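Asker: Spelled out, the chains give:
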Amino acid sequence: MQYISNTEKDKQEMLSAIGVSSFESLIANIPKRLRDFELKIPVGISELELDRELDETGNRNKNFKYYIPYIGAGNYDHFIPAVVDRLALRGEFITSYTPYQGEASQGTLQSMYEYQSLVCELTAMDYSNASMYDGASSLAEAALLALRFGERKKILMPETVHPEYQAVVRTYLSYVGSEIVRIPMKNGALDMDHLKKSLDQNVAAVIVQHPNFFGILEETQEISDLAHRAGAMLIACVNPISLGILQAPGEYGADIAVGEGQPLGNSVSFGGPHFGFFTVKEALLRKIPGRIAGMTVDKVGRRSFVLTLQAREQHIRREKATSNICTNQALCALKGAIYLTLLGKIGIKKLALLNLSNAHRTYERLLKIKGVKPFSDRPFFNEFAVRIDKDRDALKVSLKQHRILGPLDLGKFYPTLDSSYLFAVTEKRTDQDLDQLIRAVDR
Amino acid sequence: MSKLIFEKHSLNNASWLPKLEELEAVILKRIPKKYLRKSEPAFPSLSELDVVRHFTNLSRKNFSIDTNFYPLGSCTMKYNPKSLDSIASSTSYTQIHPYQDEEDVQGALKILHEMQFFLSDITGMDEFTLQPAAGAHGEFCGLLIAGAYHRSKKQKKTKVLIPDSAHGTNPASAALCGYEVVQVLTNGRGHVDLKDLKSKLDDSVVCLMMTNPNTLGLFEEEILEIAQCVHGAGGLLYYDGANMNALVGICRPGDMGFDIVHLNLHKTFAVPHGSGGPGSGPVGVKKNLIQFLPAPRILKEKDRYFFEKSAPHSIGKLRSFYGNFGAIIRSYAYIKALGTEGLKGISENAILNANYLKMKLKDIFEVPYNDFCMHEFVLSASSQKKRGVKALDIAKRLLDHGVYAPTIYFPLIVEEAMMVEPTETESKETLDEFVNILRRIDEEIDKDPQKVLNAPHTTPVGRIDEVLAARQPNLRFKPPQG
Numbered sequence: 001m002q003y004i005s006n007t008e009k010d011k012q013e014m015l016s017a018i019g020v021s022s023f024e025s026l027i028a029n030i031p032k033r034l035r036d037f038e039l040k041i042p043v044g045i046s047e048l049e050l051d052r053e054l055d056e057t058g059n060r061n062k063n064f065k066y067y068i069p070y071i072g073a074g075n076y077d078h079f080i081p082a083v084v085d086r087l088a089l090r091g092e093f094i095t096s097y098t099p100y101q102g103e104a105s106q107g108t109l110q111s112m113y114e115y116q117s118l119v120c121e122l123t124a125m126d127y128s129n130a131s132m133y134d135g136a137s138s139l140a141e142a143a144l145l146a147l148r149f150g151e152r153k154k155i156l157m158p159e160t161v162h163p164e165y166q167a168v169v170r171t172y173l174s175y176v177g178s179e180i181v182r183i184p185m186k187n188g189a190l191d192m193d194h195l196k197k198s199l200d201q202n203v204a205a206v207i208v209q210h211p212n213f214f215g216i217l218e219e220t221q222e223i224s225d226l227a228h229r230a231g232a233m234l235i236a237c238v239n240p241i242s243l244g245i246l247q248a249p250g251e252y253g254a255d256i257a258v259g260e261g262q263p264l265g266n267s268v269s270f271g272g273p274h275f276g277f278f279t280v281k282e283a284l285l286r287k288i289p290g291r292i293a294g295m296t297v298d299k300v301g302r303r304s305f306v307l308t309l310q311a312r313e314q315h316i317r318r319e320k321a322t323s324n325i326c327t328n329q330a331l332c333a334l335k336g337a338i339y340l341t342l343l344g345k346i347g348i349k350k351l352a353l354l355n356l357s358n359a360h361r362t363y364e365r366l367l368k369i370k371g372v373k374p375f376s377d378r379p380f381f382n383e384f385a386v387r388i389d390k391d392r393d394a395l396k397v398s399l400k401q402h403r404i405l406g407p408l409d410l411g412k413f414y415p416t417l418d419s420s421y422l423f424a425v426t427e428k429r430t431d432q433d434l435d436q437l438i439r440a441v442d443r
Numbered sequence: 001m002s003k004l005i006f007e008k009h010s011l012n013n014a015s016w017l018p019k020l021e022e023l024e025a026v027i028l029k030r031i032p033k034k035y036l037r038k039s040e041p042a043f044p045s046l047s048e049l050d051v052v053r054h055f056t057n058l059s060r061k062n063f064s065i066d067t068n069f070y071p072l073g074s075c076t077m078k079y080n081p082k083s084l085d086s087i088a089s090s091t092s093y094t095q096i097h098p099y100q101d102e103e104d105v106q107g108a109l110k111i112l113h114e115m116q117f118f119l120s121d122i123t124g125m126d127e128f129t130l131q132p133a134a135g136a137h138g139e140f141c142g143l144l145i146a147g148a149y150h151r152s153k154k155q156k157k158t159k160v161l162i163p164d165s166a167h168g169t170n171p172a173s174a175a176l177c178g179y180e181v182v183q184v185l186t187n188g189r190g191h192v193d194l195k196d197l198k199s200k201l202d203d204s205v206v207c208l209m210m211t212n213p214n215t216l217g218l219f220e221e222e223i224l225e226i227a228q229c230v231h232g233a234g235g236l237l238y239y240d241g242a243n244m245n246a247l248v249g250i251c252r253p254g255d256m257g258f259d260i261v262h263l264n265l266h267k268t269f270a271v272p273h274g275s276g277g278p279g280s281g282p283v284g285v286k287k288n289l290i291q292f293l294p295a296p297r298i299l300k301e302k303d304r305y306f307f308e309k310s311a312p313h314s315i316g317k318l319r320s321f322y323g324n325f326g327a328i329i330r331s332y333a334y335i336k337a338l339g340t341e342g343l344k345g346i347s348e349n350a351i352l353n354a355n356y357l358k359m360k361l362k363d364i365f366e367v368p369y370n371d372f373c374m375h376e377f378v379l380s381a382s383s384q385k386k387r388g389v390k391a392l393d394i395a396k397r398l399l400d401h402g403v404y405a406p407t408i409y410f411p412l413i414v415e416e417a418m419m420v421e422p423t424e425t426e427s428k429e430t431l432d433e434f435v436n437i438l439r440r441i442d443e444e445i446d447k448d449p450q451k452v453l454n455a456p457h458t459t460p461v462g463r464i465d466e467v468l469a470a471r472q473p474n475l476r477f478k479p480p481q482g
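Taken in order, these protein sequences are the chains called A and B. Note that my numbering gives residue 325 to position 325 of the first sequence, counting from 1, and the numbers run on in steps of one. Note that my numbering gives residue 302 to position 302 of the second sequence, counting from 1, and the numbers run on in steps of one.
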């Protein structure tokens, strides 16, 4: 397949106009020895054959039609209404680029402004940027921001933060002369006594994930108060769906609130692409990384939107920029904005209630099974852990036979928790799904 | 006035969600009151029709590849084949979870593994990671790998050399790793100044970050000597793959001596730009650096694909899960569809189109570097400036003609720069029309300058007050009080 538009005649005419007889003359300055290679990639195929091949390859994946997903751990199977993709995949959105020429990109810029507004309302924070790569890298950039804000060098990281997020923060902070102090967990949440002991004059920020990796609600107000009293910032990493009913980070005083936007209108897609949202309190506005759209007017006073505060960004400040980010995840954020608009005031609450209800009813039925015990007595949203005193391999076989995907074996990330399992339950799970799950576990 | 979603009101009771099976009060009893939201978010209330109309009409205000010629230099705005969107939307690929057992996602792992091979073959490198989400993310990854390499040899290196023509992400990425940025000058021919490079190379240099062709669209003819000098000083050579569209099938950065390479799948490999992402920025390395790649790598044994279990020297993770899978699968399909000849066709036609345009435009604009260009070239509007009109004004007037403007004021080393990259997918007819438009605009400068200076006139809004936007930032909708 080729997507060229030039005919052979066109090519000949162009070569003549340039004044050369062959294409090779145009690249005669490339050293000969660099031309001496053969690509091993196979010969091209038609769209018909491509479709067939990718279909066959796809059949080697057992997807959510084959398995009922009861797994989350950062990526969740939520329902995406048809409108989201129909709108976001319009050519005018998907094939346009960075809106540097604002007059020709008002669609992108206004939707960015609306996205920023929706995310601020959801998180109860003052300002949002136009998106980051994912929740993990957003959290890492939040930590960097806190470190750059003053002279303090420590970041407090609870064990209850998603282990992959912890790893990403570690990578980002490798060379900035900082220290990541681990706060162990107790009863499924971060250990408050340990937190109190670790808060000293050198702590730049405390990170809290809420709900945490185990789906459990942390004591966010108390953590916020403790952090601020010690002169540290609070960085909250939150689940956007939960904010339909759970206290928003702005309400408990978070200085920076980030999180994974995937649950908002983006399919699981084997881990990406998704988007990270990044919000701050007013005082930190000039330090925020990434693109931001602002509302202004044009020269005859018409409402207009434009990329603004660009002096923070790489194309202006270069090595002094607040981040190196250029291309972000704009289309994924657009899907998020459309999704949130379709939810509206009533829907955002209703969706959270559906998730909470489904998850708790699942939990209650699981606990009735012999060998299934609570992991913690703390409240949770739509994800929870339980201990299952059954042979791990037998349980796994049974789950597979009953076509259940998940739960996550916590031993994958926490070696001491290897008979505990993490279940996620969204609005998509039916009573029939639940019966199937119970049958699988109760063998 | 363009109304916001918050300024329109119609019925939305979210009936696309199923009914609650329990009463709200019963459900909420499961969480102690102190954890509940105190204030409701001021979300819009719009019916599905109004949502569809709102965003559809917003989209119609955009220029895009599907609607307009978009010669944005350095961005490679080529046609994004719809077959790729179709394949990536299949539920075989969208409804799989990253933590499923390896045996249940062999299709996904096969794509990732083969993609690693495809990209290695195209660039002449030994292995790739597909984790980074964009070019800048790839640069960060590559620099971390370079740092890990030097540390493994117990060498302390602090400086990154970057040409003065480089894209802003290069120095920003170096700063993110805590390195000091040292600029290397461009010589009169538009190439890296070898003498200046040699004078700045010492044993504290981590790497030279550069692109080839460079941001002026010129092939760095002395690349083999540059590689020798950098390696001789104990540094690594890093390739910014933003300009790979010029080289596919013609020559390979790996053969030039680059140790680390990043690619932009949303440029060369046809992933749609999405109005600002998602893209993907895979990073390729030579054999001796494989151990430092982000974890986990995807490996193959016999007919089975699996994740590497342990990588003690890896730089770690740069993001959750494995990469922008939905973007990667599009590029994978694109490479399969094109095959070897199709891939060569990319650069051949990209270079032909760019040289043709440059030839036709050089009697209207100044061309600072007259050698044959590769896939893009830089013009200077400096003589137009003397006649009272700048590159910015020309860019805005182009919008009135339905053409998205080339990149302006980059690279920084050219006065009134306009960087033009037609890409290989455009026809001669489109290019000829573009030349005619620029000729008409150039004539307008003398006949009717206000038309150009006050452009654009036909877009949804006229020239935007960016100064006001920065001075009085209005970055979100605030519901009226009371």
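Just so you know, the hints here were simulated from the structure itself, not pulled from any lab data. As the structure is a computational prediction, the values presented were derived from the model and not from experiment. Where a beta carbon is used, it is the ideal one built from N, C-alpha and C, also for glycine. One or more of the hints may lead you astray.
[Unchecked claim] For lysine-lysine, the following DSS-like pairs were computed, each having C-alpha atoms within a straight-line distance of at most 25 Å:
id: 1; chain 1: B; residue 1: LYS428; chain 2: A; residue 2: LYS396
id: 2; chain 1: A; residue 1: LYS186; chain 2: A; residue 2: LYS197
id: 3; chain 1: B; residue 1: LYS29; chain 2: A; residue 2: LYS40
id: 4; chain 1: A; residue 1: LYS65; chain 2: B; residue 2: LYS19
id: 5; chain 1: B; residue 1: LYS286; chain 2: B; residue 2: LYS159
id: 6; chain 1: B; residue 1: LYS344; chain 2: A; residue 2: LYS400
id: 7; chain 1: A; residue 1: LYS32; chain 2: B; residue 2: LYS286
id: 8; chain 1: B; residue 1: LYS447; chain 2: A; residue 2: LYS9
id: 9; chain 1: B; residue 1: LYS34; chain 2: A; residue 2: LYS349
id: 10; chain 1: B; residue 1: LYS110; chain 2: A; residue 2: LYS9
id: 11; chain 1: A; residue 1: LYS32; chain 2: B; residue 2: LYS344
id: 12; chain 1: A; residue 1: LYS349; chain 2: B; residue 2: LYS300
id: 13; chain 1: B; residue 1: LYS110; chain 2: A; residue 2: LYS412
id: 14; chain 1: B; residue 1: LYS344; chain 2: B; residue 2: LYS82
id: 15; chain 1: A; residue 1: LYS281; chain 2: B; residue 2: LYS478
id: 16; chain 1: A; residue 1: LYS349; chain 2: B; residue 2: LYS19
id: 17; chain 1: A; residue 1: LYS196; chain 2: B; residue 2: LYS34
id: 18; chain 1: A; residue 1: LYS349; chain 2: B; residue 2: LYS38
id: 19; chain 1: A; residue 1: LYS153; chain 2: A; residue 2: LYS65
id: 20; chain 1: A; residue 1: LYS345; chain 2: B; residue 2: LYS478
id: 21; chain 1: B; residue 1: LYS362; chain 2: B; residue 2: LYS447
id: 22; chain 1: B; residue 1: LYS153; chain 2: B; residue 2: LYS198
id: 23; chain 1: B; residue 1: LYS428; chain 2: A; residue 2: LYS11
id: 24; chain 1: B; residue 1: LYS390; chain 2: A; residue 2: LYS345
id: 25; chain 1: A; residue 1: LYS345; chain 2: B; residue 2: LYS153
id: 26; chain 1: A; residue 1: LYS11; chain 2: B; residue 2: LYS360
id: 27; chain 1: B; residue 1: LYS19; chain 2: B; residue 2: LYS3
id: 28; chain 1: B; residue 1: LYS19; chain 2: A; residue 2: LYS428
id: 29; chain 1: B; residue 1: LYS287; chain 2: A; residue 2: LYS299
id: 30; chain 1: B; residue 1: LYS38; chain 2: A; residue 2: LYS281
id: 31; chain 1: A; residue 1: LYS373; chain 2: B; residue 2: LYS29
id: 32; chain 1: B; residue 1: LYS286; chain 2: A; residue 2: LYS320
id: 33; chain 1: A; residue 1: LYS412; chain 2: A; residue 2: LYS373
id: 34; chain 1: B; residue 1: LYS287; chain 2: B; residue 2: LYS154
id: 35; chain 1: A; residue 1: LYS396; chain 2: A; residue 2: LYS368
id: 36; chain 1: A; residue 1: LYS320; chain 2: B; residue 2: LYS159
id: 37; chain 1: A; residue 1: LYS287; chain 2: B; residue 2: LYS478
[To be verified] Quick look at which bits of chain A chain B covers, simulated, 3 or more residues with Cβ under 8 Å:
id: 38; stretch: 132–142
id: 39; stretch: 148–161
id: 40; stretch: 183–196
Asker: So, for every hint listed, does it hold in this structure?
Answerer: Taking the hints in turn, this is what the structure says about them:
Between LYS428 (chain B) and LYS396 (chain A), the direct Cα distance comes to roughly 60 Å. Violation of the 25 Å bound is thereby established for this hinted pair. Taken as a hint, the LYS186 (chain A) and LYS197 (chain A) pair is honoured in the structure, with Cα atoms around 15 Å apart against an allowance of 25 Å. Our distance criterion of 25 Å between C-alpha atoms is broken by LYS29 (chain B) and LYS40 (chain A), whose separation comes to about 63 Å. At most 25 Å may separate the alpha-carbon atoms for a hinted pair to count; LYS65 (chain A) and LYS19 (chain B) meet this at roughly 23 Å.
At most 25 Å may separate the alpha-carbon atoms for a hinted pair to count; LYS286 (chain B) and LYS159 (chain B) meet this at roughly 21 Å. For a cut-off of 25 Å, the pair hint linking LYS344 (chain B) to LYS400 (chain A) is broken: about 46 Å separates their Cα positions. For the given pair, LYS32 (chain A) sits about 22 Å from LYS286 (chain B) by alpha-carbon distance, which is consistent with the 25 Å threshold. With a C-alpha separation of about 36 Å, the suggested pair LYS447 (chain B) and LYS9 (chain A) falls outside the 25 Å cut-off, and the hint is violated.
Pair hint LYS34 (chain B) plus LYS349 (chain A) holds up; C-alpha atoms about 17 Å apart against a cutoff of 25 Å. A distance of roughly 41 Å separates the Cα atoms of LYS110 (chain B) and LYS9 (chain A); the hinted pair therefore is violated under the 25 Å criterion. Straight-line distance between C-alpha atoms of LYS32 (chain A) and LYS344 (chain B) comes to about 17 Å, which keeps the hinted pair within the 25 Å bound. With a CA separation close to 46 Å, the supplied pair LYS349 (chain A) and LYS300 (chain B) exceeds the 25 Å bound.
As the CA atoms of LYS110 (chain B) and LYS412 (chain A) are separated by approximately 23 Å, the hinted pair is consistent with the 25 Å bound. For the suggested pair LYS344 (chain B) and LYS82 (chain B), the alpha carbons sit about 21 Å apart, so the restraint of at most 25 Å is met. Annotation: proposed proximity of LYS281 (chain A) to LYS478 (chain B) holds, straight-line Cα distance about 14 Å (limit 25 Å). For the suggested pair LYS349 (chain A) and LYS19 (chain B), the alpha carbons sit about 12 Å apart, so the restraint of at most 25 Å is met.
Proposed proximity of LYS196 (chain A) and LYS34 (chain B) is supported: the alpha carbons are some 21 Å apart, at most 25 Å. A C-alpha spacing of about 13 Å is found between LYS349 (chain A) and LYS38 (chain B), which places the hinted pair at or below 25 Å, so the restraint holds. With a CA separation close to 48 Å, the supplied pair LYS153 (chain A) and LYS65 (chain A) exceeds the 25 Å bound. Note on LYS345 (chain A) and LYS478 (chain B): the hinted pairing holds, with a Cα-Cα distance of about 15 Å set against a maximum of 25 Å.
Proposed proximity of LYS362 (chain B) and LYS447 (chain B) is supported: the alpha carbons are some 21 Å apart, at most 25 Å. For the hint linking LYS153 (chain B) to LYS198 (chain B), the alpha-carbon distance of about 23 Å falls within 25 Å, and the restraint holds. For a cut-off of 25 Å, the pair hint linking LYS428 (chain B) to LYS11 (chain A) stands: about 8 Å separates their Cα positions. Between LYS390 (chain B) and LYS345 (chain A) the alpha-carbon distance is near 48 Å, which puts this suggested pair outside the 25 Å criterion.
The hinted pair formed by LYS345 (chain A) and LYS153 (chain B) fails the criterion: a straight-line CA distance of about 58 Å is larger than 25 Å. Between the alpha carbons of LYS11 (chain A) and LYS360 (chain B) the distance comes to roughly 15 Å, so the proposed pair stays at or under 25 Å and holds. Between LYS19 (chain B) and LYS3 (chain B) the alpha-carbon distance is near 32 Å, which puts this suggested pair outside the 25 Å criterion. At most 25 Å may separate the alpha-carbon atoms for a hinted pair to count; LYS19 (chain B) and LYS428 (chain A) meet this at roughly 12 Å.
Only pairs whose Cα atoms come within 25 Å are accepted, and LYS287 (chain B) paired with LYS299 (chain A) is rejected, the gap being roughly 57 Å. This hinted pair checks out: LYS38 (chain B) and LYS281 (chain A) have alpha carbons roughly 18 Å apart, not beyond 25 Å. Between the alpha carbons of LYS373 (chain A) and LYS29 (chain B) the distance comes to roughly 22 Å, so the proposed pair stays at or under 25 Å and holds. At most 25 Å may separate the alpha-carbon atoms for a hinted pair to count; LYS286 (chain B) and LYS320 (chain A) exceed this at roughly 30 Å.
Restraint check for LYS412 (chain A) and LYS373 (chain A): the C-alpha separation of about 19 Å stays at or below 25 Å, so the hint holds. Restraint check for LYS287 (chain B) and LYS154 (chain B): the C-alpha separation of about 19 Å stays at or below 25 Å, so the hint holds. For the given pair, LYS396 (chain A) sits about 19 Å from LYS368 (chain A) by alpha-carbon distance, which is consistent with the 25 Å threshold. Restraint check for LYS320 (chain A) and LYS159 (chain B): satisfied, since their Cα atoms lie roughly 15 Å apart, inside the 25 Å limit.
Of the supplied pair hints, the one linking LYS287 (chain A) and LYS478 (chain B) holds, its CA atoms being roughly 21 Å apart against a limit of 25 Å. A count of 5 residues in the stretch 132–142 of chain A with a Cβ less than 8 Å from any Cβ of chain B is obtained; the coverage claim is therefore met, three being the minimum. Counting residues of the stretch 148–161 of chain A whose CB lies closer than 8 Å to any CB of chain B gives 0, which falls below the minimum of 3, so the coverage claim is violated. Only residues whose beta carbon comes within less than 8 Å of a beta carbon in chain B count, and the stretch 183–196 of chain A has 0; fewer than three means the coverage is violated.
Hints 1, 3, 6, 8, 10, 12, 19, 24, 25, 27, 29, 32, 39, 40 from the earlier list are contradicted by this structure; the remaining hints agree with it.
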